[in-house]
Amino acid sequence: MVTIMLYLFLSIGAFFSIYPVYFMFVAATKSSGEIFMNTPPIFFGNYFFENLHSLNNRIPIWTALFNSIKVSIIFTVLNLLLCSLSGYAFAKFDFKGKNFLFTCVLLSMMIPVYSRLIPLYRMMTFANLQNTHIALILPGLAGAFGVFLMRQNFLSIPDALIEAARLDGASEIYILFKIVMPLMIPSLAALGIYIFMGQWSDFTWPLIILNSENMYTLPVALSVLKGDTRIDYGQIMVGAIFAVLPVLIAFLFSSRYFISGLMGGAVKE
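For the record, in the sequence shown the residue sitting at position 227 is 233 according to the working numbering, with numbers rising by one throughout.
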C-alpha cells in the first residue's frame with residue numbers, strides 16, 4: 007500500500023512537472039483563440055509555421071538565437087578553462103595568501119548580482135564595450151562557484167599521481183590537461199551545463215548593456231513581445247520553445263554526468 011501511494015504521488019508530481027512543457031509545445035501550434043478555449047489544449051494544431059513566420063516578422067528571432075548560442079558557448083568554454091586553472095591552483099599548489107584569496111572567492115558569492123550592475127555598466131562604457139557581446143562575456147568569467155566546485159573536485163585527485171608525473175618530467179600544463187582533466191569530465195560536464203543554463207537565461211545584464219536589436223540575445227528579444235499592444239500567445243509559445251529547447255537538449259545529453267559531477271565535490275580535505 008505504501009509503495010502504491012508513493013508511486014501515485016510521484017506520478018502526480020511528474021504530471022504537474024511535464025504538462026506545462028507539453029502545453030507550451032501544443033500552444034505553439036495553435037492560434038490565440040484556440041489556446042483560450044474552454045477545453046484545455048491537448049492535441050497539436052496547424053498554426054506552428056504561421057506563428058513562427060509572424061514571430062520572425064516582429065523580432066529577429068534567428069539572429070537572437072544565434073547570438074544566444076554564440077555568447078553562451080564562448081562564455082561556457084572560457085569559464086570552464088579559467089575555473090579549472092584557478093581551482094587546480096587552489097587545490098594543488100601552496101603559495102602565499104592562498105587561504106586568504108580563496109576566502110575572498112567564497113565571500114564574493116555572497117555579493118548580490120544587482121549591486122554590481124552599475125559599476126559593471128560604467129566599466130564597460132569606459133572601455134567602449136557597450137552594445138557588444140564582449141560585455142556579456144567578460145564580467146562573469148571565472149565565477150566563484152565554478153572555482154569552488156573545481157577546487158573541491160581537484161582535491162579528490164591523489165597527490166601521488168601528480169608527483170609521479172612530475173618525477174617523469176611532465177610539465178604542470180601537461181599534468182593538468184593530459185592527466186588530471188580527463189578525470190574531471192563529470193565535473194566539467196556538470197559545471198558546463200550549469201554555466202550554460204545561467205548564461206542562456208540571463209536577462210537583466212543583456213537588457214542593460216545592449217541597445218540594438220541585431221545584438222539582442224534571445225531573452226531580451228522575446229521581452230519585446232510583452233510591450234506590444236496586442237499579445238499573440240501562440241507567437242510567445244514559439245519563442246518559449248526557442249528559449250527552452252537548446253537548454254533541454256544540452257541537459258539531456260549531459261544529465262548522466264550532472265549529479266555525479268556535483269557530488270564529486272563533496273570531499274574532505
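Be a bit skeptical, because a hint or two may be false.
[Stated by the list, open to error] Pairs of lysine-lysine, DSBU-like flavour, derived with a Cα cap of 30 Å: (1) Lys102 <-> Lys232; (2) Lys104 <-> Lys232; (3) Lys232 <-> Lys76; (4) Lys98 <-> Lys232; (5) Lys184 <-> Lys76.
[Said to hold, decoys possible] Beta-carbon label-pair distances, calculated as ranges: (6) Phe29 <-> Pro188: 36 to 44 Å; (7) Tyr180 <-> Ser23: 53 to 61 Å; (8) Leu14 <-> Arg172: 53 to 61 Å; (9) Phe15 <-> Tyr127: 30 to 38 Å; (10) Pro26 <-> Asp100: 31 to 39 Å; (11) Ser17 <-> Leu84: 23 to 31 Å; (12) Asn220 <-> Ser121: 45 to 53 Å; (13) Phe257 <-> Leu84: 42 to 50 Å; (14) Ser23 <-> Val83: 45 to 53 Å; (15) Val253 <-> Phe132: 32 to 40 Å; (16) Pro26 <-> Ile255: 33 to 41 Å; (17) Val253 <-> Leu84: 44 to 52 Å.
Note that these hints are calculated values from the structure, not bench results. Quick reminder that beta carbons are idealized off the backbone N, C-alpha and C, glycines included.
Hints and how they fare:
Restraint check for Lys102 and Lys232: not satisfied, since their Cα atoms lie roughly 53 Å apart, outside the 30 Å limit. At most 30 Å may separate the alpha-carbon atoms for a hinted pair to count; Lys104 and Lys232 exceed this at roughly 48 Å. Between Lys232 and Lys76, the direct Cα distance comes to roughly 25 Å. Compliance with the 30 Å bound is thereby established for this hinted pair. Taking the CA atoms of Lys98 and Lys232, the gap is near 50 Å; set against the 30 Å cutoff, the hint is violated.
Note on Lys184 and Lys76: the hinted pairing holds, with a Cα-Cα distance of about 27 Å set against a maximum of 30 Å. Taking 36 to 44 Å as the suggested C-beta distance range, the pair Phe29 and Pro188 conforms, at roughly 42 Å. Taken as a hint, the range 53 to 61 Å is violated for the pair Tyr180 and Ser23, whose Cβ atoms sit roughly 45 Å apart. Taken as a hint, the range 53 to 61 Å holds for the pair Leu14 and Arg172, whose Cβ atoms sit roughly 58 Å apart.
Checked against the hint of 30 to 38 Å, the pair Phe15 and Tyr127 fails, with Cβ atoms roughly 47 Å apart. For the hinted restraint 31 to 39 Å between Pro26 and Asp100, the CB-CB distance of approximately 51 Å leaves it violated. For the hinted restraint 23 to 31 Å between Ser17 and Leu84, the CB-CB distance of approximately 42 Å leaves it violated. Checked against the hint of 45 to 53 Å, the pair Asn220 and Ser121 fails, with Cβ atoms roughly 30 Å apart.
For the pair Phe257 and Leu84, the supplied restraint of 42 to 50 Å is violated, since their beta-carbon distance comes to about 21 Å. Distance hint check for Ser23 and Val83: the Cβ-Cβ separation is about 31 Å, which falls outside the suggested range of 45 to 53 Å. Distance hint for Val253 and Phe132: a CB-CB separation of about 33 Å, consistent with the stated range 32 to 40 Å. Between Pro26 and Ile255 the C-beta distance comes to about 18 Å, which lies outside the given range of 33 to 41 Å.
A hinted range of 44 to 52 Å is violated for the C-beta pair Val253 and Leu84, which are about 19 Å apart.
Checked against the numbered hints above, the structure violates hints 1, 2, 4, 7, 9, 10, 11, 12, 13, 14, 16, 17; every other hint is satisfied.
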